[in-house]
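There are 2 protein chains.
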Amino acid sequence: MADERLTGFGVFSTMGEPPRVGFLAGDEILDLAAAGLGRDFAEPSLNPLLARGRGAWEDALGRALELLERGQGPRVPLPEATLHLPFQVADYVDFFSSLEHATNAGRIFRPDQEPLLPNWRWLPVGYHGRAGTVVVSGTDVVRPRGQRRPPGADAPEYAPSRRLDFELELGFVVGVPSRLGEPVPPEAFADHVFGVVLVNDWSARDLQAWESAPLGPFLGKSFQTSISAWVTPLALLEEARVEARPQEPPPLPHLAGGRDWALDVALEVELNGTVVSRGNARTLYWTMPQQLAHATSNGASLRTGDLMASGTISGAERGSEGSLLELTWNGAEPLLLADGSERSFLEDGDEVVLRGRAGAVELGEVRGRVLPSR
Amino acid sequence: MADERLTGFGVFSTMGEPPRVGFLAGDEILDLAAAGLGRDFAEPSLNPLLARGRGAWEDALGRALELLERGQGPRVPLPEATLHLPFQVADYVDFFSSLEHATNAGRIFRPDQEPLLPNWRWLPVGYHGRAGTVVVSGTDVVRPRGQRRPPGADAPEYAPSRRLDFELELGFVVGVPSRLGEPVPPEAFADHVFGVVLVNDWSARDLQAWESAPLGPFLGKSFQTSISAWVTPLALLEEARVEARPQEPPPLPHLAGGRDWALDVALEVELNGTVVSRGNARTLYWTMPQQLAHATSNGASLRTGDLMASGTISGAERGSEGSLLELTWNGAEPLLLADGSERSFLEDGDEVVLRGRAGAVELGEVRGRVLPSR
Chain F
1 MADERLTGFG VFSTMGEPPR VGFLAGDEIL DLAAAGLGRD FAEPSLNPLL
51 ARGRGAWEDA LGRALELLER GQGPRVPLPE ATLHLPFQVA DYVDFFSSLE
101 HATNAGRIFR PDQEPLLPNW RWLPVGYHGR AGTVVVSGTD VVRPRGQRRP
151 PGADAPEYAP SRRLDFELEL GFVVGVPSRL GEPVPPEAFA DHVFGVVLVN
201 DWSARDLQAW ESAPLGPFLG KSFQTSISAW VTPLALLEEA RVEARPQEPP
251 PLPHLAGGRD WALDVALEVE LNGTVVSRGN ARTLYWTMPQ QLAHATSNGA
301 SLRTGDLMAS GTISGAERGS EGSLLELTWN GAEPLLLADG SERSFLEDGD
351 EVVLRGRAGA VELGEVRGRV LPSR
Chain D
1001 MADERLTGFG VFSTMGEPPR VGFLAGDEIL DLAAAGLGRD FAEPSLNPLL
1051 ARGRGAWEDA LGRALELLER GQGPRVPLPE ATLHLPFQVA DYVDFFSSLE
1101 HATNAGRIFR PDQEPLLPNW RWLPVGYHGR AGTVVVSGTD VVRPRGQRRP
1151 PGADAPEYAP SRRLDFELEL GFVVGVPSRL GEPVPPEAFA DHVFGVVLVN
1201 DWSARDLQAW ESAPLGPFLG KSFQTSISAW VTPLALLEEA RVEARPQEPP
1251 PLPHLAGGRD WALDVALEVE LNGTVVSRGN ARTLYWTMPQ QLAHATSNGA
1301 SLRTGDLMAS GTISGAERGS EGSLLELTWN GAEPLLLADG SERSFLEDGD
1351 EVVLRGRAGA VELGEVRGRV LPSR
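Residue numbers (my numbering), protein chains in the order written: chain F, 1 to 374; chain D, 1001 to 1374.
Hints in this document: simulated from the structure, not taken from any laboratory.
In this text, a Cβ means the ideal position worked out from N, Cα and C, and glycines have one as well.
Some hints here could point you the wrong way.
Counterexamples of contact, computed for chain D against chain F with all Cβ distances above 10 Å [unchecked claim]:
| id | residue |
| --- | --- |
| 1 | Leu1078 |
| 2 | Asp1191 |
| 3 | Glu1211 |
| 4 | Glu1238 |
| 5 | Arg1278 |
Taking CB as the label site, the calculated pair distances span [stated by the list, open to error]:
| id | chain 1 | residue 1 | chain 2 | residue 2 | range |
| --- | --- | --- | --- | --- | --- |
| 6 | F | Phe109 | D | Ala1256 | 28 to 38 Å |
| 7 | F | Ala155 | D | Ala1338 | 42 to 52 Å |
| 8 | F | Glu342 | D | Gly1319 | 19 to 29 Å |
| 9 | F | Met15 | D | Glu1080 | 45 to 55 Å |
| 10 | D | Glu1317 | F | Asp154 | 30 to 40 Å |
| 11 | D | Glu1187 | F | Pro372 | 23 to 33 Å |
| 12 | D | Ala1190 | F | Asp112 | 39 to 49 Å |
| 13 | F | Leu117 | D | Glu1317 | 35 to 45 Å |
| 14 | F | Ala155 | D | Glu1187 | 22 to 32 Å |
Based on the sequences and whatever the hints tell you, model everything.
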C-alpha cells in the first residue's frame, strides 16, 4: 500500500449490482459493502455514514486502510464501476474566499472602483447555490441559455451563453447537523465536517453579468455544479495542514479561532489535455473553519450533506488562476492549447478536468464535457 | 360545507399517533390517512403525493372535498393537532417580483440612483435561499446575531440584529421534477406545480446591508424562513385567477406565455394583534409561471419539494407594503400599534401573523414570535 494513492469514500455500482459505498485507492475501489463493514456501506449514498459522526468516520477510515494494508477485501477496477453522486446535497453554499480571485473579479467587473468591497476582509462573502443541480464528475454540461445583454444593446436577448467558464474550488461536506439558533464555532469544525471534494462551479459570465444586481448570482451558476465522485476524509489530510495565511485586519472574535490551518493541496485544471492552471488551496484567505463558523453565525442550522465550497481558487502568479475569466482576463488574452487552438471561454466539446494532490492523497478528479445548447 | 373555509393539504400528528396527511377545512382537519385514501397519506410529508402529478392531485382534492361535502371522514379539531413542515424543501428560491417593493427597496438602499436596476423589467430577479432553515408556521424565530457596521463606524461588530423584519410573500411548491438541461416553459406550470403557501422570509436588514455586495443576501435571510403548515392546491384557486398586470417592455418570448393570470389573494400582516399591512398578490409584476420558466430557462432542473417565493409583496398604496422596511420607511416613520407602542423594526416577544384569503379559500396562516438572541 505504501505507493498507493489514497482518495476517499464514494458510491459506485457494477453491472447487475446496486450502488454501494467504496474507498478509492489507486485505480481500484475497495468494496466496503462486500467487505462487510456494515449496513451504512450497503447504501446508495454516504449520508448514513456522514450522519454518524467523528468516531464512526475514524473507524471506517481505519478499517479501509487496514484492509488495503493487508491486501484484503474485494476490489473493483475503477474503469468497471459506474460512479454516483456520493451524497445527497442538502444546501450548497459557495464562498468567495480567495483574495486574488476576489481582487481579479473586482478589477474585471468594476474597473473604476476599489477591487475589494469594504466587507471582504471582515467576513467570508458567500451565497447559496442550487443544491439540486450538483452532479457527479463525468456528467456532461449542457451549455446554458439565458438572458444576456450584448455590449451596447438596449435590450437583452435569450440565447446560448457565449462566456461559459469553469471555476476551480475546494468544498467541504457536513456530516453532523447542528441546531437552529446555535452558531457552530470554528473550533467545532472537525466535529461536523467529514471531508472535502473538488468542485467545478460552472459559470456563464454573460448571464451572471446581466442578472446579478442586486441579489447576486442565480442562473449564471445554477445550471450545473460538478463535484468529485469521492469524498476525501479530513483525517487523510492531517499531513497536508499548513499555517493559514495572515489576515489583516484580524478577524472578529467569532471568526478568530479558525485561523490555525489551511490545506496544502496542489491543484490543476486541464482543458482538452492542456494544463491551463496550477494553484494551491493554501493560498485561500478565509479558511474552511471560518467559512463554517460564518455560515452558522446567525444561527442557521447545518444538515447532513451540506456542501460548502471555497469559491474560485486563484494564486498571485499568472497561470495560477482558477477560472478562464481570470486566465484570459475576460477574454482579452486567450489561452493557447496544445492542439494549437485558442480559448477565451469554453467551446462546445471542450473537456475540463480538475485535479488535487497532497502527498500520497489524491482528491477525486472532477471531469466534465461541454455539450451544445439544446 | 358551503360556508366552510377550505385551506389545503398538510401534515399533522396527534397524541400517540404518527404524522400523517390531512386536509384543513374551517377549524377541523380531515384525516386522510384514517379515511383510507392510501399509502401516500400515511406519510410524514406531502412529498410522495407531490411527486405523483396532476392526475393524483386532482383525485386527492376531489376525494377530500367529497368527504367534506358528505360530512364523512374522521376529523381532528385543529387545536388538538401538532402541525409539521408539510413537505421536505428541496431548493428554496426567493424572487423580487413586486414592482412596488423593488422600487421602494431601491429608493431606500440606493437613494441617489434609479430605484429599478436595468435588468428588473426583463426578468424576475431572484436568488437561492437556505432550504434547511425553512420551518413551519408556529416556530419561534431567534433574533439572529451577525456582522453589521454601525453608521459612521470603520469596523463592523458581531451583535444581535437591531433591524429584524418580516417579509410577506406567496410561494409555490413544485411537485413533478424536470430534467437537467431542459427549460420548463410557462405553459407547463400546472404540470409541475402543486400549490401555494404563504411565506415569511424573516430578514435582518442590518446584516443584509453589510454583507450583500457583490453576491447578494446570505446570513441576513438564512437564519429562518417560515411557511404555512398547509399547501393550498392550485386547483382550489381557479376562481381566484385574474388577469395579470401589464408588463412594459413586453417580456422576451420564453417568458411571454405566463402572463395570462395572477392570483387575487387578499393578504394581511398582523403584528401583536394590530393589522399593519393589507395587500393583494394580484399586484405582483412577475407571475408564478414566469418565475418558474425563468428559474429553469438555463436548463436547471426541478425537484419535488422545490419552493419558489414571490419576494415581498407590496402594493402602491401606503399601508399595503409587505415589510417593516417599507411600512416605516427604514425606521423613519414608526408604526403605532393598538397597545400604544411604536415599532420601527421587530422587538423581542413580537408576534407576526401572515394571512391570505381568496373567496372561500383561506391560505394557511404563518405565525412566528421573536425570541431574544442566545
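Results of checking the hints against the structure:
no., hint, in the structure
1, Leu1078, "holds (25 Å)"
2, Asp1191, "holds (18 Å)"
3, Glu1211, "violated (6 Å)"
4, Glu1238, "holds (29 Å)"
5, Arg1278, "holds (26 Å)"
6, Phe109(F) <-> Ala1256(D): 28 to 38 Å, "holds (30 Å)"
7, Ala155(F) <-> Ala1338(D): 42 to 52 Å, "holds (49 Å)"
8, Glu342(F) <-> Gly1319(D): 19 to 29 Å, "violated (60 Å)"
9, Met15(F) <-> Glu1080(D): 45 to 55 Å, "holds (54 Å)"
10, Glu1317(D) <-> Asp154(F): 30 to 40 Å, "holds (32 Å)"
11, Glu1187(D) <-> Pro372(F): 23 to 33 Å, "holds (25 Å)"
12, Ala1190(D) <-> Asp112(F): 39 to 49 Å, "holds (47 Å)"
13, Leu117(F) <-> Glu1317(D): 35 to 45 Å, "holds (36 Å)"
14, Ala155(F) <-> Glu1187(D): 22 to 32 Å, "holds (23 Å)"
Violation of the numbered hints given earlier is confined to hints 3 and 8; the remaining hints are satisfied by the structure.
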